[in-house]
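Use these hints to put chain B onto chain A, whose structure you have.
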Amino acid sequence: MGDIPDFSAISSFCVRLAFGFTLLALATGIFFVFNRIEKVFKAALAFLGGAVILQAAAFIALTLYFWIVPENLYITPLNTPRGMVLALGLCVNALLLLLELRRGTGLTFVFVLPWSLIALAFPLFTAVPGLEAFSSQARSGLSALHNVLFIVSYALFINAFGASSSLLLSDRELRTRKSHDAAFALPSIGDMDKLIWRLVEIGFPLFLTGFVIASVQLYVKYSRLPGSDVKELGALATLAVYGLYLALRKYGDWRGTKAAWANVAGFILIAATLVLSSRVIAYHKFF
Amino acid sequence: MELVLVGLSHKTCTVETREAFSISPERKRLLLRALASGKLAAEELVWVSTCNRVDLYAVGKKKDCETALIGFLSDQSQYDDNKSSGGHLYSKTGKEAMDHLLNVACGLDSMVVGENEILGQLKDSYYGAKSAGTTGRLTNTLFQRAIGVGKHVRANTKISQGGRSVAFVAVQYAGRIFGDLDKAKVLLLGAGEMAEAAASAFAEKKAALTVINRTRAKGQELAAKFSAQSVPWENLETALSEADVVLVSTSSSEPVITKDGMKKIMALRHGNPIFLVDISVPRNIQPEVGSLSNVYLYNIDDLERIVAENLAQLSEEIKKAQGIIDAKSAEIWEKFSQDSSVDPAVFTEPLRIGTRGSRLALAQTNIICDLVRKEGVEISQKIIKTSGDIFLTDPVEKLIAADGKGLFVKEIERDLLDGGIKLAMHSLKDLPGDLAEGLRIGAYLKREDPRDAIVTRTGCSLADLPPGAKIATGSSRRRFQIARLKPGAVFCPLRGNMDTRLAKLDRGECDAIVVAYAALKRLGLENRITQVFTADEVVPAPGQGIIAVEAATADLQTMRLVRRLDHARTRICAECERLFLATLGGGCATPLGAHAELTEEGLLFRVFWCSPDGRQKLNLETYIDCSKMTESITDLVARIKQLV
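Protein chains in written order, with the working numbering: chain A, 4 to 290; chain B, 409 to 1052.
With the rest of the complex left out, here is chain A:
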């Protein structure tokens, strides 16, 4: 054991650094919105890139830490709370980085990164769990798959929320005839509307698949359908909101501000579900 690096300490260290980098990315992103200095935006992207690398390193170190127990070998910690939030933060930041590299608006930093910081705060302020063999829940491959699908779709929805918030702010600024600096840094409404559509178009099927997998597991194990706890109800409501948005965007006139409000509502549901199911009521009892 003496030769094995302290993966738990490495993971915690990477989380601390990733938190710092994300914070710096947020600060420089806000500065860019008000000053539009290209170098500042590049710095923000660099910080975000650094955070993504550190988050990936933290997740890998956490995995290696769990693998010290032979029974855990080759099982990802995606089904543990720490592993899940680490992966969620990583996905949110990585997706934001990709979007900003392509679009360069800077504004979505302001609306998305606070949620990454919250995701990072959990592993930052809680201790790495002790070494023991994973429970049967944590070992489940199907559980890991539904978690991955949920994490990726949440990352897409959070970024869609960022784009929606930008759109609503742009709308507000245009209606109040603002001509100050930040107003000019806002991305165009048309671009944001298309971005929201694309993100939800990808995120919704992933979320739906994750939900179906979870429902099948639930039925097999407990012979019941989802809808009996906060998380399940929240997930159903989330599905309904995003499904409705997609249908009305495609066949109705839900574009621009209407689309943005629908996405804000979807995001609030996700946030409420996560908070209520994990903190206020009991943790989601799946098995």
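No wet-lab data here; the hints were simulated from the structure.
Backbone N, C-alpha and C define an ideal beta-carbon position, used for all residues, glycine too.
Facing chain B, from chain A, some residues (calculated, C-beta under 7 Å):
1) 177
2) 180
3) 191
4) 192
5) 193
6) 194
7) 256
8) 258
9) 259
10) 260
In silico lysine-lysine, DSS-like type, Cα no more than 27 Å apart, as pairs:
11) B/672 / A/197
12) B/728 / A/42
13) B/559 / A/42
14) A/261 / B/593
15) B/727 / A/42
16) A/261 / B/671
17) A/261 / B/667
18) B/593 / A/197
19) A/253 / B/671
20) B/614 / A/197
21) B/671 / A/197
22) B/593 / A/253
23) A/197 / B/613
24) A/261 / B/591
25) B/667 / A/253
26) B/894 / B/912
27) A/42 / B/531
28) B/566 / A/42
29) B/591 / A/197
30) B/818 / B/854
31) B/672 / A/253
32) A/45 / B/566
33) B/728 / B/743
34) B/736 / A/42
35) B/503 / B/419
36) B/591 / A/253
37) B/728 / B/503
38) B/818 / B/793
39) B/728 / A/45
Chain B in isolation, oriented as in the chain A frame:
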């Protein structure tokens, strides 16, 4: 040598006058011809000709150059106003001229302050001049720095941001809704002056324009100006459902677009955002329309208020930009002055210049010494014997084969590196492609006539020489080219200094000798010349007629002094010829001629190449783009290698 600017702009004259002074392609040729002939008294030149200005930046002798540039612009303009053109022209020199350039680059001198287009125009002008080979050390530095400052000011101030006109603001706000406007559909309701201004602004962004006017003919007229589509008034609803931006400027006294009508249109549009700009008075769009979701309605007051806010902000930004320019200007000028001025006091003892001991070498060294003394610096000469001077009887080709390139320079360069001399004089054609490490050519003196000349014993021309006449030359390049002009001539080797060569001719050892015209001229022996070959007949050797001054790279003071002797136009030709020589891989024993000449059409480059046995010969003439010299020469060499 000083930076001189002569020009005129929208601040000093009307558009008609600017048109009369603009630099057309034909006038550009005249300008280049005047520069080449020395009429402009300038060594470097960059012309900037846009719709708002005509500026000529030159490096030359202050008074002469200024007068010549004013003269050129006045003579060449088709200006027939009663006033003299001098009333519109401004002239600035030194730092004032540089500050002007920086202000232009930053858009502070533009009609629309802060506009970006001028930076591109400045770049185009600079590269145009560079391609034509009229830029030099000073203009290269200045323009590169000015373009850099222009970018810096735009990146660090908001001088280019914010619309300055109602039409511009409309375009800007449309961009905030739709992003790039190249795919946006813009509908113009009405065909008045405001509609035209807006159409022009949107057309610049490549938006698709449609015009609707109650009087169809007027609408069609406006549409034709912008390659737009014109549709009848009856199709208004369909046009509104398809448009992204609608500019309303009709003279209707009743609203043309009502809230109820717009609701229907939004349903047809599937809720897609629409930007409505009402620039008509009285308003033609019901104000309540603006409360609809995804409808953005601006009226003329909104736009004018934004313009006023932008202009107020602009004055602050101008101050900021001016601050940056002042700081950068001081910095650039200090470096510029340091680079271009020499304090003779730093040379505590006379500079020593190394040279070969021939009469020609000494005459050439004297030219350098005179120029150095004009800078107020004392100079003395040191004669150095080179391998080429020691083995006078062996053919050059044999010596090169035994001793490598640099037959006439190696010993001089060694002394230069050892510190025995501070400068070295070389005939450029004797210098190998690669100099010794730590040495650099600091200056190319103004080129003397590079052509070859023949001196016959009887005074007859080459054509009149009898068949079988014996022509002496040590150069295979000359031998192969003259053999083509005089078939049947017999060639014999010739070496030694000019006096030795002429003595051989006078003794009857040959009927004619072929030598460089420049050498005879520098020795005051022009009267001996029988015939001068054109550069087409006998392509000169690379670097022929050019004196190069070499110095140690690390010796900054001497290098700075030497740089003042540099002739920008000669440098371009010399660098082109040497680059060609290095790329082709020829030495001074290769039968190779290469001659670059700055003409009004650009850098004309002539090449003669011949295989050592004389079986394959190639004559080629092409224009080289001076701004892409390496690429152009590499391509040319590749072409030559393919041909042979």
